[in-house]
Amino acid sequence: MSVPVIQTEKTNLELISGHSKLHILKDVTMQVNAGEVVAVVGPSGSGKTSLLMVLGGLERATNGKVVVAGQDTSTLNEDGLAIFRRKNLGILFQNFHLIPSMTALENVSLALEIAETGQSIKEIRQAATAALEEVGLSDRMTHLPSALSGGEQQRVGLARAMVTSPKLMLADEPTGNLDQDTGAMVIELMFNLARKKGAAVLLITHDRSLAAKADRRMTMNHGHLTTANETVPA
Amino acid sequence: MSRLRDWMRVALIDLRGDLRRFGVLLACLALGTGTIAGVSSVGAALQSAIMRDATTLLGGDVEASRADRRATPEERAYFASLGQVTETIDSNARAGSMDDSGNSAFLDVLAVGDNYPLLGKVISPQLTGDVTLKDLLAEKDGAFGALVDPVILDRLGIDIGGHFTVSDVEYEARGTLVSVPDGAVRGFHLGLTALISIPALEKNPDARPPMPGLLTQHRYKISLNEGDYTTAMPLMQAHFADDSTWKIRSPYEAAGQLSRFYDLFIRFLLIVGLSSLLVGGVGISNAVSAYIGERQRSIATLRSLGATGPRILVHFFTQIGVLSLVGIGLGLLIGALLTAAALPVLGRILSVDLPPSVDLSSLAVALAFGVLAAFGFSYLPLVRARKLRPAILFRTVGSSIQNLKTREYLEPGVVLPLLASGLGIFGLAWLVTRNFELVFWYTVGVIGTFILLRVAGWLLQAGLRRLPPLPSSSWRNALRGIYRPGSPAPVVILSLGLGLAMLLLISILSSNVQSQLTGQVQKDAPTFVASGLFEDEVPELQTFLEGTGKLQNFNFSPSLTGAITKIKGVPVEDIKNVSEETSFMISGEIPITWQAVPGADTTITDGKWWPADYDGPPLVSLRDRVKADLGLEVGDKIEITLFGDTIEVTVANFRDFQFQNGLNFLVTLSPHSLDDFPATYLATIKAKEGQEKSLERDLARQYPDLTFISIGDALNQAANILSQLSTAVNIVGALAVVNGLLVLAGTMAAGRKQREADAVVNKVLGSTRGDVVKVFALEYALLGAFSALLASGVGIAGAYAITSRPPMDIDFSVDPVLILSVLVGAVVLTIITGALTTWSALSTRPAQYLRALG
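Chain order of the listed sequences is A and B.
The C-terminal residue of the first sequence carries number 234 in our numbering, and the numbering is unbroken.
The C-terminal residue of the second sequence carries number 854 in our numbering, and the numbering is unbroken.
Rather than coming from a laboratory, the hints here were simulated on the basis of the structure.
Heads up, the beta-carbon is just placed ideally off N, CA and C, and yes, glycines get one too.
Warning: the hint list may mix true and false statements.
Unchecked claim - In the DSSO-like style, the derived pairs of lysine-lysine whose C-alpha atoms are separated by at most 30 Å in a straight line are:
{"no.": "1", "chain 1": "B", "residue 1": "Lys608", "chain 2": "A", "residue 2": "Lys10"}
{"no.": "2", "chain 1": "B", "residue 1": "Lys576", "chain 2": "B", "residue 2": "Lys637"}
{"no.": "3", "chain 1": "A", "residue 1": "Lys65", "chain 2": "B", "residue 2": "Lys387"}
{"no.": "4", "chain 1": "B", "residue 1": "Lys405", "chain 2": "A", "residue 2": "Lys21"}
{"no.": "5", "chain 1": "B", "residue 1": "Lys637", "chain 2": "A", "residue 2": "Lys21"}
{"no.": "6", "chain 1": "B", "residue 1": "Lys387", "chain 2": "A", "residue 2": "Lys26"}
{"no.": "7", "chain 1": "B", "residue 1": "Lys693", "chain 2": "B", "residue 2": "Lys550"}
{"no.": "8", "chain 1": "B", "residue 1": "Lys608", "chain 2": "B", "residue 2": "Lys627"}
{"no.": "9", "chain 1": "A", "residue 1": "Lys65", "chain 2": "B", "residue 2": "Lys405"}
{"no.": "10", "chain 1": "A", "residue 1": "Lys87", "chain 2": "B", "residue 2": "Lys387"}
Said to hold, decoys possible - Listed next, the stretches of chain A that the computed footprint assigns to chain B, with coverage defined by at least 3 CB atoms under 8 Å from CB atoms of chain B:
{"no.": "11", "region": "104-111"}
{"no.": "12", "region": "128-136"}
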């Protein structure tokens with residue numbers, strides 16, 4: 001029996017822009033199970049990133065049910081959502097969002113520091129070192145983000161997202177700022193790591209070739225999740 | 001606890017890296033704190049130097065005096081228990097030559113004890129090497145020594161070493177007297193000064209002032225063992241509670257007229273200090289806000305990783321705390337170094353002793369204020385940052401830090417820390433100024449200004465939004481830059497307006513206080529007073545003086561002596577506990593005059609001056625200071641005894657005047673009131689600058705029988721002090737303004753990130769660097785001019801409110817050139833800072849910049 005990591009039911013998101021109301025997500029119903037790799041594709045402005053934000057507790061759904069890792073996120077306040085994220089989620093951004101003043105090792109350690117796992121500083125450093133080795137950056141640990149290439153920065157981001165062993169990895173166009181080869185390598189790495197650690201992945205992308213590497217593909221269009229359970233042919 | 005330590009450790013790691021990113025924050029903190037430390041230190045040093053001069057002027061920390069007798073042995077012992085004491089006795093006497101020439105001179109006798117002076121020096125060419133004053137004044141071969149005004153030698157026809165007598169006591173002129181350190185506070189003295197010893201004066205115990213109305217004063221100047229006059233005076237007043245004849249004076253009070261100007265100076269320093277705190281605070285606030293704004297993506301990243309609100313607060317508080325301490329430390333260092341370097345230079349300009357020093361209390365105030373301001377002004381941006389939602393990480397350029405909702409401001413966690421820091425700052429200002437009322441009203445003014453500027457900024461944006469589009473694209477873009485959502489305009493208007501208002505307030509106050517001070521200095525103080533002139537001698541003297549070519553000004557007035565015997569029917573003997581001036585007025589025979597029209601420097605404060613051709617019942621005009629002392633009103637009756645006759649006069653008016661401005665009498669009657677009494681004339685002579693001594697010798701040669709009393713020295717001393725104060729005001733004011741402008745420049749630079757982002761977008765859209773800079777220059781010129789306009793109103797209103805009422809209460813005027821130059825300077829500075837920071841962004845390639853935005 002599969003354990004659902006993401007469960008939404010008739011989830012809506014409405015935002016106010018100036019004097020008008022924008023209906024971003026429309027009755028989205030979906031389920032992603034543990035260890036499953038799912039890609040969400042769709043044109044720009046279709047609501048992909050908004051879906052990711054709602055799932056990550058970064059944006060509150062206007063109505064409908066959102067349960068992630070068994071937690072109904074609508075019941076949590078901002079700090080509750082923060083704690084929820086550090087326990088359950090890893091997030092990978094298009095623009096990497098590494099802390100510029102911290103080295104690669106410190107950026108990865110930061111996730112463990114914030115997660116307050118009870119590890120000592122030494123243990124945290126060991127875990128962060130191991131995470132960086134897993135993404136092939138053992139020789140870049142003491143480099144600041146400004147001294148790393150885009151691909152290397154994204155791999156640091158990946159190590160940071162995975163180091164806490166999250167139940168769910170949310171990735172928003174993680175290859176958007178990378179060349180095709182590097183992007184493919186990062187996606188490969190992410191999927192492998194997720195599968196190894198048993199984490200579910202929700203990948204937002206408009207690149208259908210990348211989406212093809214996922215276990216399952218969903219399509220967003222005008223706020224509707226039009227194909228919620230399209231299995232990618234093997 | 002360990003969790004907090006972990007949070008702080010990560011925050012410190014996050015501080016590492018390129019320190020240039022903290023440059024503006026550190027500069028603003030350093031400048032803000034440096035401004036407070038510098039202005040406060042220089043002010044404190046000047047105040048203490050001038051106070052020290054005032055103490056020297058008095059000849060001690062505190063002075064006890066009485067007219068009727070010397071101190072008893074018990075009283076002397078009491079004074080001695082407080083500190084070192086020296087005694088002086090002021091009196092008048094006529095000196096005669098020892099030969100048959102009949103030469104004589106009217107002396108202002110200053111008899112001093114062996115240890116005179118306690119402070120400062122007696123200046124005499126003969127006081128050189130090992131020669132002491134005590135030696136020079138001692139009795140030798142039956143003659144007492146005297147240091148005399150050189151004119152006495154001319155009058156008596158003797159040289160140094162020559163002998164003369166005073167009431168049969170023989171003196172030897174052992175040297176000439178240039179000055180005594182406490183000359184300026186001895187009050188108005190008739191005669192040429194002769195410095196003698198108290199034993200010499202005691203030789204002639206029957207000596208009485210030969211001119212009626214002149215008082216003998218016995219003064220005891222005390223250099224306190226501990227504390228200052230503020231602690232000693234209440235003790236002394238309590239000690240002499242049963243004997244009101246003793247007058248206890250502080251250096252300020254001793255400075256008489258000057259004390260008001262000391263007060264003025266100190267109040268000016270307080271306002272400057274408060275304004276520096278405020279301008280420094282504005283700088284710190286904007287720097288912290290800009291820093292938080294620039295770090296919002298890092299904040300959002302932390303949030304996305306699961307950092308809670310308290311952790312964000314601790315993280316950035318730790319960073320702001322460390323940066324603040326570094327900035328504040330730098331500011332203290334800059335303030336201390338600059339103060340130490342500047343003081344000797346200022347001392348030379350001001351002719352006061354200002355050794356290089358660091359005023360620790362000023363640094364402590366700057367430190368405390370810096371910490372409180374950094375906390376108070378960073379708390380709100382941090383609270384807002386805590387509420388920042390990490391959704392920003394999925395968006396592009398733009399701010400995600402939103403203002404709090406009204407109810408959020410009222411949450412205890414928000415309002416209490418803010419209230420605490422506000423009260424801390426208020427308390428600190430109160431502690432520094434020791435003036436609750438001033439700080440309270442100043443705070444009310446600042447809050448009022450804050451609201452005004454906020455509302456004005458909002459109205460400007462609303463107004464511009466409604467304007468039809470302008471044909472010029474530069475203007476259109478500049479205006480859009482002001483009213484677009486997220487525009488920095490409201491913050492710029494608030495900071496610049498508040499800062500400029502304070503700078504204008506200081507500038508206007510400085511110029512008003514300065515003109516009040518220099519106004520006192522520049523007025524025509526007479527060089528000599530000639531008394532006892534007969535009516536026909538007056539035009540003759542005038543003709544002679546004009547012929548010398550050394551005369552600047554000549555005035556004369558009838559003069560005779562009379563005694564006020566009753567006031568409102570009460571004999572003057574029964575009137576006690578009055579001020580020194582009133583005490584002099586009712587002490588016996590005093591000079592009295594009549595006048596048809598009031599003097600040029602006279603202000604009628606109550607009642608009316610009589611018509612020039614008035615010939616009715618006798619009226620009198622009195623100095624306004626005696627009014628409250630004696631409970632007098634216009635219409636009250638006063639009895640005056642002249643040559644054995646009594647006349648009753650009615651008070652017609654009270655007036656204010658400055659003695660040093662020329663001829664003036666405490667008691668002035670209406671014309672024809674004194675027709676039945678023989679009057680002589682009193683004339684004032686003002687020599688051209690540098691011609692004083694030469695004219696004095698001409699007069700001594702031409703009129704050997706007339707007495708010309710030099711009153712220039714004491715007034716020169718007073719004038720020097722006024723001039724010192726005036727220059728000090730100017731220097732402190734200029735220092736505060738320049739520092740304030742630097743703080744504002746830093747404030748403008750603090751918002752550069754947003755401008756850089758806008759500039760790059762414009763460049764990407766095809767604008768040239770010139771176009772972009774032009775739009776920014778226009779936008780900032782408009783904002784600068786708008787802020788300057790509001791600031792002018794606030795600054796002028798504030799300065800008027802402060803100057804127009806007690807305790808400052810001085811004439812108010814606004815120098816348009818001054819205001820214009822401060823405003824133009826500020827607007828130009830705004831444009832240059834805005835343009836420079838924009839230019840730096842434009843110098844990088846857009847692609848590079850846009851990538852860095854990630």
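For each hint, the structure was consulted:
{"no.": "1", "hint": "B:Lys608 <-> A:Lys10", "result": "violated (92 Å)"}
{"no.": "2", "hint": "B:Lys576 <-> B:Lys637", "result": "holds (19 Å)"}
{"no.": "3", "hint": "A:Lys65 <-> B:Lys387", "result": "holds (24 Å)"}
{"no.": "4", "hint": "B:Lys405 <-> A:Lys21", "result": "holds (21 Å)"}
{"no.": "5", "hint": "B:Lys637 <-> A:Lys21", "result": "violated (87 Å)"}
{"no.": "6", "hint": "B:Lys387 <-> A:Lys26", "result": "holds (27 Å)"}
{"no.": "7", "hint": "B:Lys693 <-> B:Lys550", "result": "holds (10 Å)"}
{"no.": "8", "hint": "B:Lys608 <-> B:Lys627", "result": "holds (15 Å)"}
{"no.": "9", "hint": "A:Lys65 <-> B:Lys405", "result": "holds (28 Å)"}
{"no.": "10", "hint": "A:Lys87 <-> B:Lys387", "result": "holds (20 Å)"}
{"no.": "11", "hint": "104-111", "result": "holds (count 3)"}
{"no.": "12", "hint": "128-136", "result": "violated (count 0)"}
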